[in-house]
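In order, the protein sequences belong to chains A and B. Just so we're aligned, residue 1 is where the first sequence starts under our numbering, counting upward by one. Just so we're aligned, residue 1082 is where the second sequence starts under our numbering, counting upward by one.
No lab work stands behind these hints: they were computed from the structure. These numbers were taken from a predicted model, which means no experiment stands behind them. Incorrect hints may have been included.
Claimed, not checked - Listed next, the in silico DMTMM-like pairs over lysine to aspartate or glutamate satisfying Cα-Cα at most 25 angstroms (straight line):
| id | chain 1 | residue 1 | chain 2 | residue 2 |
| --- | --- | --- | --- | --- |
| 1 | A | LYS514 | B | ASP1659 |
| 2 | B | LYS1544 | A | ASP914 |
| 3 | A | LYS573 | B | GLU1424 |
| 4 | A | LYS69 | A | ASP231 |
| 5 | A | LYS573 | B | GLU1388 |
| 6 | B | LYS1214 | A | ASP922 |
| 7 | A | LYS881 | B | GLU1127 |
| 8 | B | LYS1193 | A | ASP526 |
| 9 | B | LYS1186 | A | ASP802 |
| 10 | B | LYS1196 | A | ASP865 |
| 11 | B | LYS1193 | A | ASP922 |
| 12 | A | LYS573 | B | ASP1659 |
| 13 | A | LYS514 | B | ASP1474 |
| 14 | A | LYS878 | B | ASP1659 |
| 15 | A | LYS824 | B | ASP1539 |
| 16 | A | LYS514 | B | GLU1108 |
| 17 | B | LYS1229 | B | GLU1388 |
| 18 | A | LYS573 | B | ASP1264 |
| 19 | A | LYS447 | A | ASP1063 |
| 20 | B | LYS1544 | A | GLU513 |
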Amino acid sequence: MKNTTKRKLLKSKIQRLTGLIVLLFASSLLSVSYAQTTKLTVQVKNKTVQEILKIIEKKSEMVFFYNDKDVELNRIVTLDLKDQLITQVLDELFKNSSNAYKIEGKQIYITTKTKEGLGKSKSSIKKVKINGTVTDESNQPVIGASVLLKGTSIGTLTDINGHFSLESPEEGQLRISFVGYETQLVSISNKTSFEISLNQSLNNLDEVVVVGYGTQKKSDITGAVGSVAKDRIDNMAVTDIAQMIQGSVPGLTVMATAAGADPDGQSAVMLIRGRNSISASTTPLLVLDGMPYHGAISDISPDDVASIEVLKDASSVAIYGSRGSNGVILITTKKGKEGKTVVKYDGFYSIQNVANFPHIMDGTEYLAFKNNWTDFSNPDDALMGLSNSERAVYADGSWKTWTWKGLITQMGESTRHNLTVSGGTKDFKYNVATSYLSTKGIVINDKYTRVTNRVNLQAKITDWLNMTSSNMLTWKDKSGAKPSFVDVFNKSPLMRPFNPDGSINIMPDADNEKRFNPIESLLYDDYNVGYSLTSNISFVATLAKGLTYTLNTDVQYSNTDDNQYQGLNTGAKKSVNGWASIDNTMKYSYAIENIVNYQREFGKHHLFLTGLYSFESETQRERLQEGQNFPNDLLSYWGMPSAGLVTNTFKNWQTALISQMFRINYSYDSRYLLTATARRDGYSGFGANNKYGVFPSLALGWNIANESFFSSIKSVMNNLKLRLSYGEAGNQAISAFQTISKLGDMGYLNGSSLAAGYIPTTLGTPSLSWETTRSANIGLDYAFLDSRISGEINVYQNDTRDLLLSRSISAVNGVSSIFQNIGKTRNQGIEFSIVSDNIRTKIFGWKSALNLTLLRTQIIDLYGDGKDDLTNGWFIGKPVKVAYDYYTTGVWQNNEANLAAQYGALPGYAKYDDLNNNGVYDAGDRQIIGSTEPNFTWSLNNTFDLGSFQLNIYLYGTNGSVKVDPFKAKNYYVSQNFWTATNPSNIMWSTDANSNTYIAAKTISPAYYEKADFWRIKDVTLSYKMPKKLLSKLGVTEAKVYVTGKNLVTFTQYTGMDPELGDQRAIPLQREFIFGINFTL
Amino acid sequence: MKKILIILVVIAGFMTFSGCSSELLNEHPDTFLTADQLYNSQPGFESGLNGLYALVRQEREGYGNTDSFGETGLRALMNMAGTDVYNCSASASGEFSVIYSDWSKANVPTDKSLKSVFEWLYQTVLGANLLIKRSENPAIKWTDEATKERIVAEARFIRAWSYRHLTYMWGKVPLVVDEVTGDNFRTDYVRDDVNKIRRQIIDDLLYAEPRMDWKPSQIGRASKGVVLNYLAEMYLTEAGKVVGSYDRTKLDSAYLFADKCINEGPYALVKNRLGSGSGSAFMDMFNPNTVNIESGNKEALWVMQWEKNVIGGGANLMRFSLRPKFDGANKIGPTVTISYYDETRGGRGFARAALTKWALYLYNSSSDYVNGIIDDRGSQYAVAKYYILGKFDTFSGTKSLTGTPWSVGDTVWIGCPTIAQCDDRTQGTITGFQNLKSGASEGDTYNWPYTLKYSFCDTGYPKNNASHQDQVYARLAETYLLRAEAAMKLGNIPQATSDINELRLRSHARTITDSDISLSLILEERARELMGEEQRRYTLLRTMPGSDFIEWVSSRNGRDKNIALRDTLFPIPQSVIDANVTIPMEQNPGF
């Protein structure tokens, strides 16, 4: 401290934001003549030299380097200079002083005059000119690395090619540092040229993490905040953010319900720390660039993402108050950086196919299946099963030339191009990106095209006022009516899909008009195009030292047109003479936030206060017009004016949220940390007397590794932090107007014209309010061996009460369900993550990251009486989503005929568990077969580096759920091991019409459940960074080619289409191969 | 200066959003109505009534299940089938047909059809109560007091209609007469005594009777005649069902209300043809062209309205559910396939219920085939007995009588036991249905006679499930039968004889004499007259003790299996019992 040189920077605090800011100085090398051209006005009265230096720094791009001891900092000076060159200003400043200066680029070195001028301050030391190049592990130049002569203020930054040069003594050490890399010390010892290779730093304690309403250093965080690994964000070729984050943060579960070209249609279920709520939404709050985001996550281009954080515990989510209890996902997009304009292109092409197809019956197998079916029961079944037309098709053999699978599915293709241009000056930075994605799915007519444009700006308006703005415009086209994927499995192979003239035959079974041709969807018109716009502008004003005021404004808008027509020429709608629907949905929302921050250090005390006052409004409008009875197909859905019957439906709802929030962050000596927050929210959707709720939280942190007693083992364990948090957050996720009783349209006729009528349809609950989750979290962060091994463990319990429950009430009330605040759930879990740098040598590296999530969710109470709700399948002590059904144990065999008869079954019929042992299958035999959602999720990522090659393998798995295998039913023509008299299968019952539906006079058809545990090689990427030498000739800074394989292999005992998907009959996850390239100019 | 500016901005920002924050959080729904908005003017109350009538009309509509041709699952089967007149038909694969096909298995508290009917009836009660209570608001401006009372009278009539269904189907049910809201909904309902509910039904009907007009207040609404008809029926119900111990004062009331309807109202039996062409006066009442009161059908007390391609037009399923399948591979016999359906054949059917042999045979005794007397109600114009082969039908083989091949234009008699006999009317259906199949084959899904009262599909849409022709829901003939029943029970046999003969003469059937009069005869006459109209289950349950009902039905319905004493009532839906969390709700015995 005493004799070291302080390197004075403009804003010392920002030093922590190292990654972004260090680059600012790269620009100094680009404008050598700056000092010779820039003119300054400096008018000060009786200021110290130190103050004047600061003023000059603010007004110019110059940075001063000096040794405190050498400079008369407290000398009082008065200057009155207008439009003078910097040299003139400095001459005036140091006139009559003991100091001299020297300008190098934008850096000014101040020394003492007495030592006969600059550069000879250390008397007789000889100066030499040295230069060098700084590269990273893959031999790419490091731009903006700091090169400092140790113990002095002499230093510079590397340029765009990683070069640096400076004058230095012949002896001494160079200190080379860059954010994210380990700092290196290099002895000069008379060398003049240096090749320095930096190693990536494993220590992420200084990383800055986005938290609600601000950022925090990772080491200061007290809550449970998970970040998606930067590698995954930067290197993973995905079309949708949901794919990117699956498995990447412990505690965050992403479950695909279906796949297909349209990422919206995949409607991934995202849960943070399990399902707290039963009826209200459990979707986490999405916050995009600081503002709550109401659009589809798939509208955001994954290329634009800079970081994703997941807030999990009460301490981190309580600042989002009534919307925090489902957790919060913070998405931050890329910002421009000062310096040369960077142009980056990233593009890929991929092909997709279905990973797992069951064997589908061909004509012969189908015939055998149907004939077999007639073995037991009445002849009607045979006739209902096989039509004359099917027999004719079989006889003429035309079925051999095609299959439904062949007609309905295709090889999928996807193309993506992304272009980003970013750069800026000190006062104005920009990041502009455009992204194009086009996907042709594996099912015909399944198409998706998306264009996303993003403009992110940062401007310094005055020295006390900054502005940032981020804007996104997305256009997406999902047009095209696709057949249902399940048609591959449940359509007879003995049909005539085409007419003799090659056109689509809308009655493929000539004997049955109800059997449609799945590919007749090619005859439908379907137009589905949407726009969405998100724009926010934020002003930050510095009011006083440490005190800032921020005004955030945000506008979001989306509009979707979904028009469909199924005409007179279709099997589906010819009976009503054509049908059309024109559906327009518009959403808009705006938000205004006022934020006051105050940040000060008092010795070892660090205080950071945040206050918020905000207002948000969200509106959704829908106009739906449906028509039928068209005179002809000529105008498609635009023929609506001539439709015989048109019905209009309008929806319009609005919600508003008014919030106040206050947060205290306090730390002492970076050892003891405290975060206390309270948020008060008022939500329009709740009852008049219950609109406001308050959500407090408290968190404590202890950086044990910073204690003096810890220093002895710090070489082994360099980080240990204990975190405790406790608090409450709410869930308001119900739609508008639940407190109001509604009347529904129920028209009658006055003769032959409409007599408008209305009937009560819902009962409002005037006293409705939040559901509240109280959660406790204990967390431990650790790092060993200078962070070669690091990670964290969190243990938590969430108790949710006053559930917003759509409960069943007695139909005697006239309506049989109502929203109430009733019931309790509890989620407990353990989350574990570890990142390990296994092998690190010059040529070979191996890194691993493992995430484990263990979760137990249960309903504690429903209606206050400790009773289960069988109607809804909710059970106390069990997870919210369970399979409650008859349990299939096998097939009745020939030697069990007598026992089978007691149950009304024949040998070959499905056998169920007679749980209550009363000799009949009845409602008492239904049982909880298992949770339909996993309780254990894990992911393992391994990265191997070999020279310029990198191989990344990502494994993902879940355990603890059961799923129905819907194909174990006779209406799917999937080859099964059917029971027959000579094939006593115990897996699949016979093809007899009643073989699995004989319970309670055929009204119950139990599903067949299987364990859905699985793990899969989710993605594998091999990339190659092209040699720099070759690229520089092409004017390219960086270039990479890669190949990615997705969903390559799945290990499971589940026999349905895909153990991950919620809907087995929908398009399954595709196996995909991606070929990509990206380069930077 | 600049800091002052900023501070001003901050203050302005806070002011903007705190000043009117309470208003910002108030909700203003604008695309749906609330009771407060609707029930503040007379036209609003009329709209409320329309909603109630649309609910009532659903008795002849579906549950909301659909296939590609529209709705499926007729509600009216709840009281028409599973009786002596209608069985579950051979298809027995949907809704109430499943229950009737084997009572012991499928008449269970978890049945979805029972649940939806229960919910529908109580939703109607809720809507009626809401209207009735809201009419008490003194701020509402009525045209005159009579209009207000007429509107309330119609709502109370509909409430009575709902409880009538509820008590016949489930016996004791909770009686709710107040508006239910999100604040006062209950989880502790108690099932009220049936007599108490019947008193409420009668109170509501007695309130409605003087306040409703002989002529419906709008086309498609109920008239005073319907109220009188229901009053007569409810008093007959109250009079008891044990022969010899009837409550005579109740019988007197029943007689008087029926009598008032017949004598004082503008109604009259349709004795002359309303239409032209082949047919009968009796069947003209069901013809869409002449069904409405405005079209001259003076017998109608209540004609429900349907209309295609009009909002509020509804979807009537009576044709669809009550006639045989007539679709694709559907056949009369192995060699004759009726594969074509158009308007002349009445469109496609779904065979959810089929007439019993017993009901069809009833016309044998009211007709005298030898002397050419054929009861119009069982004639070929009323009950489908044959098809004429068309060019789109497929057929092969030869006819049994002539030995010649089948050809276009030939008559194929429905219900013939073998195809060889389908050309022989004596083996078929015309002369008394004597050779209809029995046992498991009774009610053949494809080959079975059916009532032609609803045999009308929408022009151009023979395949669609729904029809949109207006249908008579209550008519004076039933009032005659109620008066006859009251007269008989009061000992006034000649009156009973004359009432029944009045109906028989209109239909050109054989007349009866006083010695023929018995309860059985009246029940049979009701079946003859009201086949496909009558809520038959209720009639049987109110006229005979449970054990007699079981005996009566099981000896006359050849298909439906295992009906037992417990099946005189349906089980309270399990969801209703489960949701009554505060106190246990008792289930009907045997379930």
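Hints versus structure:
1. A C-alpha spacing of about 39 angstroms is found between LYS514 (chain A) and ASP1659 (chain B), which places the hinted pair above 25 angstroms, so the restraint is violated.
2. For the given pair, LYS1544 (chain B) sits about 43 angstroms from ASP914 (chain A) by alpha-carbon distance, which is inconsistent with the 25 angstroms threshold.
3. Between LYS573 (chain A) and GLU1424 (chain B) the alpha-carbon distance is near 19 angstroms, which keeps this suggested pair within the 25 angstroms criterion.
4. Under the criterion of a C-alpha separation no larger than 25 angstroms, the hint pairing LYS69 (chain A) with ASP231 (chain A) is inconsistent with the structure, at around 44 angstroms.
5. Taking the CA atoms of LYS573 (chain A) and GLU1388 (chain B), the gap is about 20 angstroms. The hint holds against a cut of 25 angstroms.
6. A hinted pair counts as satisfied when its Cα atoms are at most 25 angstroms apart, and LYS1214 (chain B) with ASP922 (chain A) does not qualify at roughly 43 angstroms.
7. For a cut-off of 25 angstroms, the pair hint linking LYS881 (chain A) to GLU1127 (chain B) is broken: about 45 angstroms separates their Cα positions.
8. Between LYS1193 (chain B) and ASP526 (chain A) the alpha-carbon distance is near 35 angstroms, which puts this suggested pair outside the 25 angstroms criterion.
9. For a cut-off of 25 angstroms, the pair hint linking LYS1186 (chain B) to ASP802 (chain A) is broken: about 40 angstroms separates their Cα positions.
10. Distance hint between LYS1196 (chain B) and ASP865 (chain A) is fulfilled; the C-alpha atoms sit about 24 angstroms from each other, no more than 25 angstroms.
11. Among the hinted pairs, LYS1193 (chain B) with ASP922 (chain A) is consistent with the structure: their alpha-carbon atoms are about 16 angstroms apart, no more than 25 angstroms.
12. Pair hint LYS573 (chain A) plus ASP1659 (chain B) does not hold up; C-alpha atoms about 41 angstroms apart against a cutoff of 25 angstroms.
13. Our distance criterion of 25 angstroms between C-alpha atoms is met by LYS514 (chain A) and ASP1474 (chain B), whose separation comes to about 19 angstroms.
14. Note on LYS878 (chain A) and ASP1659 (chain B): the hinted pairing holds, with a Cα-Cα distance of about 19 angstroms set against a maximum of 25 angstroms.
15. Between LYS824 (chain A) and ASP1539 (chain B) the alpha-carbon distance is near 53 angstroms, which puts this suggested pair outside the 25 angstroms criterion.
16. Of the supplied pair hints, the one linking LYS514 (chain A) and GLU1108 (chain B) is violated, its CA atoms being roughly 46 angstroms apart against a limit of 25 angstroms.
17. This hinted pair does not check out: LYS1229 (chain B) and GLU1388 (chain B) have alpha carbons roughly 29 angstroms apart, beyond 25 angstroms.
18. With a C-alpha separation of about 45 angstroms, the suggested pair LYS573 (chain A) and ASP1264 (chain B) falls outside the 25 angstroms cut-off, and the hint is violated.
19. For a cut-off of 25 angstroms, the pair hint linking LYS447 (chain A) to ASP1063 (chain A) stands: about 20 angstroms separates their Cα positions.
20. Note on LYS1544 (chain B) and GLU513 (chain A): the hinted pairing holds, with a Cα-Cα distance of about 9 angstroms set against a maximum of 25 angstroms.
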